[in-house]
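Colleague: Going down the list, the sequences are from chains U and Z.
Read in order, the letters of the first sequence correspond to residues 1 to 358 in this note's numbering.
Read in order, the letters of the second sequence correspond to residues 1 to 358 in this note's numbering.
Just so you know, the hints here were simulated from the structure itself, not pulled from any lab data.
Don't take each hint at face value.
[Said to hold, decoys possible] Capping the alpha-carbon separation at 30 Å, the derived lysine-lysine pairs in DSS-like fashion look like this:
id: 1; chain 1: U; residue 1: 351; chain 2: Z; residue 2: 111
id: 2; chain 1: U; residue 1: 108; chain 2: Z; residue 2: 209
id: 3; chain 1: Z; residue 1: 105; chain 2: U; residue 2: 224
id: 4; chain 1: U; residue 1: 111; chain 2: Z; residue 2: 111
Residues per chain, in single letters:
Protein chains: 2
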Amino acid sequence: MARTYNFSAGPATLPLEVLEEAQRELLDYQGTGMSIMEHSHRGKAYMAVHEEAIANTKELLGLGDDYAVLFLQGGASLQFAMIPMNLLGAGQTADYTNSGSWAAKAIKEAKLLGHVNVAADCGKEIPTRVPLASEMNLTEGAAYVHITTNETISGAQWKSFPKTDAPLVADMSSDILSRPFNAQDFGLIYAGAQKNLAPAGMALVIMRKDLADRVPANVPSMLKYSTHIENDSMFNTCPCFTIYMYMLVTRWIKKTGLETLYARNVDKAARLYSAIDASDFYKGTAVPECRSDMNVTWRLPSEELEATFVKEALAEGFSGLKGHRSVGGIRASIYNAFPVEGVDALVSFMKDFEARNG
Amino acid sequence: MARTYNFSAGPATLPLEVLEEAQRELLDYQGTGMSIMEHSHRGKAYMAVHEEAIANTKELLGLGDDYAVLFLQGGASLQFAMIPMNLLGAGQTADYTNSGSWAAKAIKEAKLLGHVNVAADCGKEIPTRVPLASEMNLTEGAAYVHITTNETISGAQWKSFPKTDAPLVADMSSDILSRPFNAQDFGLIYAGAQKNLAPAGMALVIMRKDLADRVPANVPSMLKYSTHIENDSMFNTCPCFTIYMYMLVTRWIKKTGLETLYARNVDKAARLYSAIDASDFYKGTAVPECRSDMNVTWRLPSEELEATFVKEALAEGFSGLKGHRSVGGIRASIYNAFPVEGVDALVSFMKDFEARNG
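Let the hints inform the model, and build the full structure from the sequences given.
Modeller: Written as structure tokens, this is what we have:
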């Protein structure tokens with residue numbers, strides 16, 4: 001079978017060996033005569049999957065019992081609301097940094113629920129970038145400070161994280177588990193699963209357990225982190241198959257090694273950025289020091305050429321290269337599971353396309 | 001491969017031919033060189049799945065353009081909160097009927113968010129039952145009337161639905177698409193997917209579109225039905241694989257016919273209830289006229305015998321027969337995809353068990 005090179009921003013390429021394992025045991029999970037999709041979430045077979053998914057996450061991020069690993073539904077978008085509902089008390093201020101489309105969405109939802117200070121704003125700058133820690137105008141006694149570690153649409157990424165007095169809260173949807181970092185510097189980390197982790201349908205939430213105590217009593221059960229901590233993400237039926245896929249992916253990350261994956265990710269991105277920089281035809285859209293290792297974004301001399309590029313690339317087996325509809329241009333999303341061969345093939349195509357159209 | 005007879009209350013047995021199709025194309029969806037899990041939710045391949053899932057639902061339920069079919073996350077449990085957040089205005093009252101554990105959960109969450117009148121309450125009666133329409137003490141001008149059409153834990157089911165002036169809202173998690181009914185009598189229907197519809201990780205919501213206009217402006221985007229109606233359940237990344245599985249299941253229901261499925265469901269349940277009634281050893285827990293066709297519940301003379309029954313049944317290949325931990329006893333969940341052969345095999349086992357222990 002020929003695998004398409006899938007540059008989608010998410011849902012995205014999954015590790016081939018994970019897909020193969022899921023396929024092999026889809027009808028009969030480990031000799032139980034049932035699919036893992038059919039197992040009760042409270043039965044032994046699924047519970048072992050659930051516990052391994054939590055343990056692998058804690059191991060990969062170096063976290064102890066003071067942190068909870070939660071598997072929630074509603075994606076990062078529901079977290080935009082749950083975070084202020086749980087952590088932003090009446091009379092308090094939350095500091096948010098605006099680095100682009102996703103940060104702006106988090107800010108918009110938080111403003112519905114409490115007082116927000118936009119501590120730094122480069123959300124509409126072109127070339128795109130993330131704020132410098134030194135630009136941040138933080139509030140004394142803030143409930144928390146929110147950052148978006150990688151802007152999937154603009155292709156800008158925080159390369160190091162600010163130190164803050166207030167708990168640091170991060171949307172890591174598009175770069176979670178793509179590089180080593182000190183997770184204990186964060187109060188809460190959340191990520192939609194559909195980029196580096198699993199199929200769509202789950203948000204991974206990692207939080208310092210003590211922060212869950214802040215929640216007001218009238219927040220509905222499903223929207224309280226404390227509910228999910230107390231019930232190990234089984235207050236209601238969890239998205240078992242997505243968590244099973246996530247567990248297989250974390251096994252694959254452990255086997256590969258997070259440092260190795262990070263080196264591969266940097267290398268894959270560098271090959272694309274080098275091709276862009278070596279040409280006057282292609283122009284990167286992010287400030288060089290903020291260039292994302294996950295979502296590489298660039299422009300061609302005209303929108304017409306961009307459309308031709310996307311169309312011809314698709315015919316050659318490169319899927320998902322069209323930039324987000326809100327910004328246009330080209331975007332190559334190259335998450336953990338995307339193979340370096342696909343990057344090299346795209347670079348060849350880019351050279352060829354430029355030779356024909358430059 | 002020997003399929004286990006899986007009597008789990010959910011996640012539950014899926015149609016074998018659906019699992020087989022999913023397995024066949026798991027690595028390469030219709031020659032695209034990618035898994036359906038890897039396809040962009042905004043790409044052609046997935047969009048066709050999404051649209052078919054909506055169209056099949058509307059066809060099976062006989063609904064037109066005045067109704068929306070939504071695929072949300074958070075299960076029925078998040079709907080317990082979303083319904084009052086969207087439909088229960090300040091100063092209004094919502095009427096709820098209490099028929100057992102699941103109705104009680106819906107009531108508990110609604111009370112956090114607005115004024116609730118418990119219009120009928122038989123939630124703690126034993127034998128278990130659902131309210132009679134004539135018992136309901138409805139509020140004039142109520143925002144809506146809420147019922148739980150099938151109590152998964154107690155095994156009690158509404159056999160016909162009340163006519164109400166206020167919009168009728170129903171949790172159909174455990175009997176949706178198991179029988180024909182007039183969906184246009186309802187304002188909003190919701191159901192967790194993991195019983196009759198798909199793997200866990202999705203709530204199907206069917207609602208009259210005009211009801212979505214009631215929502216206050218300060219409700220977060222992800223918790224507003226209007227957001228999801230306007231974006232066809234793609235405001236954020238939807239749980240694509242679960243929706244794909246649901247689409248395959250709706251194809252299977254259409255092919256089988258809803259009337260045929262209903263006849264099969266009634267027949268399967270009747271075989272079990274006949275076995276229970278023919279014995280003094282087994283005792284059904286629901287009032288006969290409210291007996292569920294989906295979750296058949298009964299007791300043995302002692303908890304010790306019940307534990308032995310569950311253990312020996314498991315050894316014979318009958319999984320998931322233990323009653324919910326909150327009530328004990330035995331529960332056989334026999335949703336749409338559960339085969340009649342499994343029911344007959346269980347009836348034989350029951351007779352044998354009684355002969356040895358009665």
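Colleague: Against this structure, judge whether each hint is valid.
Modeller: Hints versus structure:
Restraint check for residue 351 of chain U and residue 111 of chain Z: not satisfied, since their Cα atoms lie roughly 63 Å apart, outside the 30 Å limit. Of the pairs offered as hints, the one joining residue 108 of chain U and residue 209 of chain Z holds, with about 25 Å between alpha carbons and a cut-off of 30 Å not exceeded. Between the alpha carbons of residue 105 of chain Z and residue 224 of chain U the distance comes to roughly 15 Å, so the proposed pair stays at or under 30 Å and holds. At most 30 Å may separate the alpha-carbon atoms for a hinted pair to count; residue 111 of chain U and residue 111 of chain Z meet this at roughly 25 Å.
Comparing the model with each numbered hint stated earlier shows that hint 1 is the single one that does not hold.
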